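Student: Sequence:
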Amino acid sequence: MAWGWGNGDDKEDASKEAGSMIDNAGSLIDVSAKMQVFLDNARNKFEDRYKDVKLRVTLPALIQLVIQAQAKTPSDTEFSRDKMYNTAGDVTEINAKELEGLDRSLNFAEWAYLTSTKELEKNLSSCGYSLLKHEKVDEAGNVGYFIAIDPETKTAVIGIKGTSSLSDMLTDCCAATSRQALDHSFIADDDSFKEISAHEGILFSSNALAKSLKPFVKDLFLPLDYRLCLYGHSLGAGAATLTGLLLRSQYPELIPNHRLEVMAFASPPVLDHKAASACSSFTTTIVNNSDVITRTSLNNVEVLLQILSKIQEKLVEAGMDPVDMQSTAAYLSKIREGKGGEMLMTAEEGFNVLDEAQKNVSVDDPDHLYVPGKVILLYRKWQDRKKRREDLEEMEQVAKGKGESFSEKEAVKDQPPLLVYYVRTDGIADPLRLIEIDDDMMKDHLIGSYHMVVDSLKMTST
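Numbering-wise (UniProt numbering), the sequence shown opens with residue 1 and increments by one.
Think of the hints as simulated: they come from the structure by calculation, not from any bench. Keep in mind the model is a prediction, meaning the values are calculated, not measured. It is possible that some hints are incorrect.
Below are the DSS-like pairs computed for lysine-lysine, each with C-alpha atoms no more than 25 Å apart in a straight line [to be verified]: (1) K51 to K374; (2) K211 to K133; (3) K274 to K45; (4) K386 to K400; (5) K136 to K122; (6) K133 to K154; (7) K386 to K334; (8) K274 to K136; (9) K458 to K83; (10) K54 to K458; (11) K314 to K359; (12) K339 to K54; (13) K334 to K83; (14) K374 to K194; (15) K386 to K54; (16) K387 to K400; (17) K118 to K154; (18) K359 to K339; (19) K274 to K359; (20) K381 to K458; (21) K72 to K443; (22) K443 to K386; (23) K443 to K339; (24) K72 to K334; (25) K72 to K386; (26) K443 to K381; (27) K274 to K339; (28) K133 to K51; (29) K154 to K122; (30) K381 to K339; (31) K97 to K45; (32) K211 to K136; (33) K154 to K211; (34) K83 to K386; (35) K54 to K136; (36) K386 to K339; (37) K83 to K443; (38) K54 to K133; (39) K402 to K387.
Given these sequences and hints, build the entire structure.
Tutor: Below is the structure:
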């Protein structure tokens with residue numbers, strides 16, 4: 001069987017490169033098998049320790065607790081979500097040049113989604129680039145991409161498409177950790193980086209892409225002394241980092257003088273801690289607020305399970321663990337209180353539970369993957385959103401008092417955008433080592449949301 005890319009020789013080479021991976025990711029049956037391996041691995045890791053955790057009971061209680069914390073906890077206290085973000089790293093200002101680079105990089109990442117070659121050529125031409133290749137692949141185990149060059153600056157841009165089809169989702173779902181030996185270390189003068197653990201599906205796609213790029217790199221970019229810039233969003237972001245890593249390993253000439261750089265937006269966790277950290281020499285990952293895809297990993301699932309275990313203990317102590325009619329009634333009554341009821345645990349208790357869970361989950365576990373490189377974490381404060389909600393509620397009451405209709409959607413349009421804050425950190429920062437329960441956790445992953453926060457930063461920096 002084969003993943004179905006390139007000619008017969010290519011398939012054989014790719015199979016060798018990918019090691020022990022199941023060959024045919026295009027088959028739903030085989031993808032299902034891959035997913036089952038991942039789930040079995042998770043179950044083997046967690047079943048004994050967390051078999052008594054009642055997810056259908058503890059998850060609603062956790063969601064209620066988060067909603068209450070958003071409504072009640074001031075942002076300037078020691079135990080607050082906003083404080084956790086603000087202290088997660090360096091808050092050095094993002095200057096105008098960096099913002100311009102972020103904006104341009106995000107455009108390249110977005111253009112990789114285009115299916116119209118004519119539109120892609122037009123967009124690239126507007127910023128001085130000529131299109132060399134546009135690969136509109138829609139096959140599991142492969143990613144779409146484009147290659148463009150600017151001869152004046154000797155820069156080659158490689159934009160890699162993110163998840164936009166069922167085939168892409170199948171690649172995403174092959175999420176077991178796969179080990180791969182490299183041709184050479186991808187870090188100069190350090191042979192400890194000749195093997196990596198990575199997201200299986202994205203690693204396979206990156207091997208295929210690196211092979212497709214080989215003639216361009218070997219016969220064009222290296223001889224003409226071009227600089228390579230790889231851009232991507234979501235699946236494309238993870239593939240950009242892994243492809244860049246593979247190219248650095250295959251062509252050590254790309255390592256010095258920043259000859260290859262990666263800008264990754266909303267990357268899923270794709271590398272083991274050691275390799276993810278080492279990528280900081282050539283990769284910058286941008287994470288938007290509570291983006292759930294950047295936090296979808298076994299390690300964060302374990303942190304979540306530890307938190308749910310503590311919540312279950314609290315429910316038992318309060319007589320709300322639904323094991324009989326009385327305790328079930330108490331539990332349902334508690335959940336119906338919504339954000340207005342008494343919190344199951346204080347903010348201090350909650351953050352102590354989170355801190356303990358994160359300390360208990362080793363970052364060096366070979367199955368634990370992280371977002372790569374330097375990380376710029378963009379976020380909005382809960383306190384600002386709380387104030388926005390209060391203002392909208394007040395506007396609604398005023399409208400009702402006047403007998404006027406009120407549309408929250410229309411009212412929001414007239415409000416200034418919420419301020420966006422930022423912190424420079426890495427993939428093991430506390431805000432990235434949990435699955436953050438938030439209204440916007442899915443919305444924050446969309447490329448349009450990344451444009452909004454970058455635009456907001458540009459507005460507030462002028």
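Student: Identify every previously stated hint that the structure contradicts and give their numbers, smallest first.
Tutor: 1, 8, 10, 13, 15, 18, 27, 28, 31, 35, 38
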